[in-house]
Amino acid sequence: MPDDELQPRAERFDRYLDALLVGGRPSPDDVGDRDEAEMARLAAELSAAADPDEGGPDPAFLDQLRLRMRQADQGIESVQAPLPVRSGLAGPRSRVRVTRRQLLQAGIVGAAGIAAGAAGAMILRPQDGGRDWIWDDGTPLVSRDAVWLAVARVNDVPEGSAVRFSTPAFDGYVVNDGGTIRALSSVCTHMGCTLQFRPEWSDLRCPCHSASFDLKGELANGRTRWRQTGGYRGDERAYPIELPDLVRPRIRIEGDQVMVLTANI
Amino acid sequence: MADPDARPATSPGRFEEIYDAQVVPIYRFIYARVGNRPDAEDLTAQVFMRAVEQLDTTRDSGQIVSWLYRVSQNAIADYWRAFYRLPVIGTEQVAPGWEPAQPDEPRERPGDTAAAVSRVRRVLERLPQRYATVLELRFLQRMTVAETAQEMGISHGNAKILQYRALRKAAMLGDPDA
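In order, the protein sequence lines correspond to chains R and B. Quick note, the first sequence lines up with residues 0 to 264 if you use numbering that gives the first Met the number 0. Quick note, the second sequence lines up with residues 0 to 177 if you use numbering that gives the first Met the number 0.
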């Protein structure tokens, strides 16, 4: 094949090589056919062999995986005491559906209310005569001996922003997603790294493998979303696997306080 | 054969003994075949999480080790299926719980980096000079495309084409040890 015909293939394949050679995660999207898959495989072997020092696992990864295994092992052995349900991972989410009539009664029939209702979120209006905060009440992570803790002030979370909170049982972010307040776990659903809020992108980004979650808690830079939107904010490639949504702890708003339901420790 | 649903009683900490003894060699085994850290970590985690679900830890350590390598091989095969656009078979179907030890144990086990480097040399030796040079600069010396182009006195675009042709040739020639 002459050079000018090969150029686009060579350009694309170089993206695979580039990711590989800097220790990133190469994407199958940069590999066009079976021949290139053979080349990719050879390149991966050559890269690993030529850089054996890189072959040692990261101690932080080893510790994290040991912890995950220990938890999974105990989870299986003590079936009577299930671990907190992680939404999207285990069974159907305990969501409260609201009817349109309930929405009407609550006085929220705006587009945002209907959209959130369609997504299965419960929309409530506080009864204390304060501002009409809309919030998304999430999943109760705690079944008994739970307590509501104030974790943020609504005024501290303008639209598109997030503030970090910490309770004895779990950590997370209170986010304002276009006017809807919700809490999201700060634990990446891939390997459990702590997500970082990026104000300029309004997303929660994983420092370990660069997953980005939007303020609904859904993977924002996966392949499905990538195909819909044609890319993600300066990322060179889509996050290669789909991930479950972030856990959404149950919240409510009292006055100007955002309260999270957490374990009473 | 044991009922696959009945998880045998295990002494607490047995998994962690297995984990501590095997995680580094398994990681290296996988890394040598996928060539990058994030994917090697993912696949290693898959293997050990599957071990928590399925592995009978009362088996002797030889059987446990071969089970781990077999599941690792399947996980690596599934990883590459995505690149070949083949349907993923799924580790659980390929290696359900316990089977008699397979004759096709992994040929090589990790830990022999000198052998790996000499294998790279043997791949390069069989290539025309310019192909060997571009791969040497990119893979062994870890130069960028721009640096490689400058070193070889060619354009950036030509360096990309050259590395593409070199890898295609090397892949066509196949395994030098076969």
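These aren't lab readings, by the way, just hints derived from the structure by calculation. Wrong hints could be hidden among the right ones.
Facing chain B, a subset of chain R residues (Cβ under 7 Å, in silico) [said to hold, decoys possible]: (1) D13; (2) S26; (3) V146; (4) P206.
Sample of chain B residues with no beta-carbon within 10 Å of chain R, all distances over it, derived [stated by the list, open to error]: (5) D38; (6) E124; (7) R125; (8) R141.
Partial list, derived from the structure: chain B residues whose beta carbon lies under 10 Å from chain R [stated by the list, open to error]: (9) D19; (10) Q128; (11) G152; (12) G156.
Predicted, not measured: the structure shown is a model, and the values here were computed from it. From the three backbone atoms N, C-alpha and C, an ideal C-beta is built for every residue, glycine too.
Does the interface hint hold: is B/G152 within less than 10 Å of chain R, judged Cβ to Cβ?
violated (16 Å)
Beyond 10 Å from each Cβ of chain R, as asserted for B/D38
Since the minimum Cβ distance to chain R is about 6 Å, B/D38 lies within 10 Å and the statement is violated.
Can we trust that B/R141 is non-interface, i.e. its beta-carbon lies farther than 10 Å from all of chain R?
Answer for B/R141: violated, closest chain R Cβ roughly 6 Å.
With chain R as the partner, please determine if B/D19 meets the hint condition of a C-beta pair closer than 10 Å.
Where the cut-off is 10 Å and the nearest Cβ of chain R is about 8 Å from B/D19, the hint holds.
Looking at B/R125 again, its CB stays over 10 Å from all of chain R?
The claim stands: B/R125 keeps its Cβ more than 10 Å from every Cβ of chain R (closest is about 12 Å).
Chain B contact restraint for R/P206 - C-beta distance below 7 Å:
violated (12 Å)
Status of the stated non-contact between B/E124 and chain R (beta carbon gap over 10 Å)
holds (13 Å)
Against chain B, run the beta carbon of R/S26 and see if the smallest gap drops under 7 Å.
With a closest approach of 9 Å, the R/S26 hint is violated.
Would you check whether R/V146 satisfies its interface hint, that is, whether its CB is within less than 7 Å of any CB in chain B?
violated (32 Å)
Restraint satisfaction for B/Q128 [CB to CB of chain R, less than 10 Å]
Since chain R brings no Cβ nearer than about 17 Å to B/Q128, farther than 10 Å, the hint is violated.
Per-residue hint verdict: B/G156, partner chain R, C-beta under 10 Å:
This hint holds: B/G156 lies near chain R, its Cβ roughly 6 Å from the closest one there, short of 10 Å.
Does R/D13 meet its interface restraint, that is, does its C-beta lie within less than 7 Å of any C-beta in chain B?
At 5 Å from the nearest chain B Cβ, R/D13 passes the 7 Å test, so the hint holds.
Consistency with the previously given hints fails for numbers 2, 3, 4, 5, 8, 10 and 11, ordered from lowest to highest.
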